[in-house]
Amino acid sequence: MSAPASIVRRILFNVFAWAVVLVIAFPLLWMVLTSVKPSTELFVIPPRLLPGEITFEHYRRLLTETPFLIYLRNSAWLAAGTTLVVIAIATLGAHSLVRFSYPGRERLARLVLFTYLLPSVVLIIPLYLLMTGLGLANTLTSLIIAYTTFALPYALWLLRSFMKAIPDDLESAALVDGANRMQAFVDVILPQALPGIISTAMFTAILAWNEYFYALVLVNNDAARPLTTGVISMLVTSFNIEWSLLMAASVMMSLPLIVVFAFLQRYLTRGFSAGAIKG
Amino acid sequence: MSRIRFENVSKRFGGVTAVDDLSLEIESGEFVSILGPSGCGKTTLLRMLAGLERPTGGTISIGETVVNELAPAQRNVAMVFQTYALYPHMTVAGNIEYPLRKRRVAKNERVRRVREAAAVLELEALLDRKPRELSGGQQQRVALGRALVRDPAVFLLDEPLSNLDAKLRTHMRAELIRLHRRIGRTMVYVTHDQLEAMTMSQRIAVLRDGRLQQFAPPRDIYARPGNDFVAGFIGTPSMNFLDGRLEGTGSGRTFRCGDVSLPVGMLPLADEMPEPDRRVRLGIRPEHIRIDAEGEAARVNLVEPTGHETILVFDYRGNELVARMDGDVDIESGDRVKLAFRADKLRLFAAADGRRLNDDSTP
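Chains as they are written, first to last, in the working numbering: chain D, 1 to 279; chain R, 1 to 363.
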């Protein structure tokens with residue numbers, strides 16, 4: 001290939017790549033810019049990209065005049081609670097699916113994956129009736145249980161592939177060295193599975209943080225609403241959409257995930273590759 | 001005190017029998033190798049002794065205690081794995097210390113014993129390293145250290161040298177023998193390498209398809225193999241076999257196989273074989289074949305000089321024979337020579353079940 005042709009090729013490739021980046025990034029940029037524009041600038045014709053004046057008024061209003069902080073707290077509880085429950089069950093469950101031999105083990109593992117394939121629409125009404133029956137309707141607990149139903153199979157499957165990669169001999173060595181099964185699990189298996197556990201925990205937390213559908217159906221009071229449904233029901237009505245507040249809320253909803261992601265990124269990408277190759 | 005006894009032990013995995021009705025008694029302080037081809041059940045046997053597998057039948061005892069129902073932690077055995085199985089997230093010191101921590105040994109006692117073990121294995125400089133920063137030989141020594149530090153009643157070693165290069169393996173073999181001499185503990189060593197088994201053990205248990213073939217000192221295993229499997233498995237190159245029949249009795253007894261007819265009257269048989277079926281296998285070790293002007297005609301098919309010795313492959317009346325001779329033997333492929341066998345070293349095996357027919361008193 002001649003040098004000019006390769007340069008042209010590279011330029012074309014870069015133009016294309018940047019175009020894709022722009023398409024993805026522009027709405028995010030617009031969201032941030034809109035959240036700091038005065039409301040008066042929102043609908044000027046022609047539209048202006050950069051705000052004439054930067055204001056944090058919308059953020060102030062959101063935090064002081066609306067139940068935003070309650071929603072934020074609820075979302076945090078939901079993400080933390082779901083992650084805790086799912087990881088506690090999934091690590092032990094995955095260990096059992098990998099290490100113990102009992103009849104139907106492989107079938108059980110496949111069955112777990114099968115439950116993950118069921119669409120949530122199918123599950124939502126039975127779950128709703130179940131929660132009402134248990135007296136848990138409209139509580140954070142009901143949402144944690146609901147989120148566990150779809151996050152757990154996925155987490156189990158992901159962790160199973162991580163645990164499969166840990167050599168059997170390590171656990172055997174710990175047992176011979178004087179550990180009981182639980183100690184061998186805690187001392188040797190858990191530290192080895194830690195990257196997998198961290199990435200699985202992050203997936204679970206993100207799923208719980210972003211979940212909308214179950215929250216919409218199972219909870220309809222402000223005390224238990226998470227950010228996803230709370231912000232929409234508060235700012236979007238049939239007659240009006242509070243664009244400035246909505247954008248400010250969107251920015252603040254995204255921030256925690258971005259911060260967590262930035263810190264744990266290397267574990268997360270390791271998780272992706274493990275799931276991809278060994279799953 | 002730490003004698004090991006297997007009584008009619010079996011282990012089945014689903015439909016596969018890994019160990020089949022095996023009985024074996026290992027003396028306290030003895031170094032015993034369990035030798036056999038891969039898949040013969042030797043690792044399963046070791047894992048049952050460690051408590052990592054539960055026998056399907058029979059009893060295993062260590063000392064006076066039946067250990068079938070005891071967890072690995074309760075058996076006071078230490079094990080070195082083929083993969084070393086070092087804990088990757090712990091330092092060398094942490095790895096060696098782990099069994100002591102699980103036994104709730106006091107902190108300063110732990111430190112002292114880790115130092116002691118490290119000194120024996122020359123690991124002092126590596127105590128703060130992680131296993132992945134060590135060479136294969138160093139990892140191997142850490143695995144040994146982790147076993148050594150506990151002062152267990154029994155050491156179990158599962159092919160511990162198989163991942164090392166040849167030179168290091170020879171070195172570690174000597175180290176292990178020295179270690180055994182010094183601590184005097186019972187050691188059970190699983191290997192598929194006959195050289196390791198022959199050089200290190202006081203007795204060797206040869207296994208095949210989960211069944212014990214022979215349990216005897218290395219010399220006996222070589223000179224008085226219990227059956228044709230042991231005879232063929234031990235020794236490199238392996239023993240030559242000729243399948244034929246016995247004719248005549250007493251000193252007039254002859255072995256016939258096609259055109260071959262060899263007098264074997266001087267071999268004392270434990271029992272004279274009854275007439276109807278006298279099919280036997282004649283075993284000849286490669287070093288018991290020599291060139292002799294008075295001998296039997298044969299043709300040289302292949303010459304493999306290794307330096308200190310030469311391996312020769314002969315065509316002897318339609319049978320292939322492998323012989324081991326001096327390194328300076330002057331023979332070329334295609335030559336016609338005359339062969340003689342050391343008559344007192346020939347071994348006869350029953351064709352039906354492979355058992356050796358020569359009397360045990362034969363050296």
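No lab work stands behind these hints: they were computed from the structure. These figures come from a predicted structure and were not determined experimentally. Each residue gets a CB set at the ideal place from its N, CA and C atoms; glycine is no exception. One thing to keep in mind: the hints can contain errors.
[What the hints assert, rightly or not] Listed next, with one range per pair, are the computed distances between beta-carbon atoms:
1) K164(D) x E124(R): 51 to 57 Å
2) D151(R) x L113(D): 57 to 63 Å
3) L195(R) x L84(D): 51 to 57 Å
4) K164(D) x D151(R): 34 to 40 Å
5) R181(R) x L113(D): 53 to 59 Å
6) K130(R) x K164(D): 18 to 24 Å
7) E25(R) x K164(D): 38 to 44 Å
8) S6(D) x K130(R): 54 to 60 Å
9) F261(D) x L195(R): 53 to 59 Å
10) F261(D) x S38(R): 43 to 49 Å
11) R54(R) x N210(D): 33 to 39 Å
Assessment of proposed distance window 53 to 59 Å (beta carbons of R181(R), L113(D)): For L113(D) against R181(R), whose Cβ atoms are near 56 Å apart, the range 53 to 59 Å holds.
F261(D) versus L195(R) beta-carbon gap, inside 53 to 59 Å or not: holds (56 Å)
Consistency of beta-carbon spacing, L84(D) to L195(R), with hint 51 to 57 Å: holds (55 Å)
R54(R) versus N210(D) beta-carbon gap, inside 33 to 39 Å or not: violated (47 Å)
Pairwise beta carbon distance, F261(D) to S38(R), judged against the given window 43 to 49 Å: Cβ of F261(D) to Cβ of S38(R): about 48 Å, so the range 43 to 49 Å holds.
Cβ separation of E25(R) and K164(D), checked against the hinted range 38 to 44 Å: holds (39 Å)
Whether the CB-CB distance between K164(D) and E124(R) falls inside 51 to 57 Å: Between K164(D) and E124(R), where Cβ atoms are some 37 Å apart, the hint is violated.
Supplied distance hint 54 to 60 Å, evaluated on CB atoms of S6(D) and K130(R): Taking Cβ atoms as reference, S6(D) and K130(R) lie about 44 Å apart, which means the hint is violated.
C-beta pair D151(R), L113(D): status relative to the range 57 to 63 Å that was hinted: violated (48 Å)
Range hint compliance [Cβ, K164(D) to D151(R), 34 to 40 Å]: Given about 35 Å between the Cβ atoms, the range holds.
Outcome for the supplied range 18 to 24 Å, where the beta carbon pair is K130(R) and K164(D): Once the Cβ atoms are compared, 23 Å apart, the range 18 to 24 Å for K164(D) and K130(R) holds.
The structure does not agree with the numbered hints 1, 2, 8 and 11 stated previously, though it agrees with the rest.
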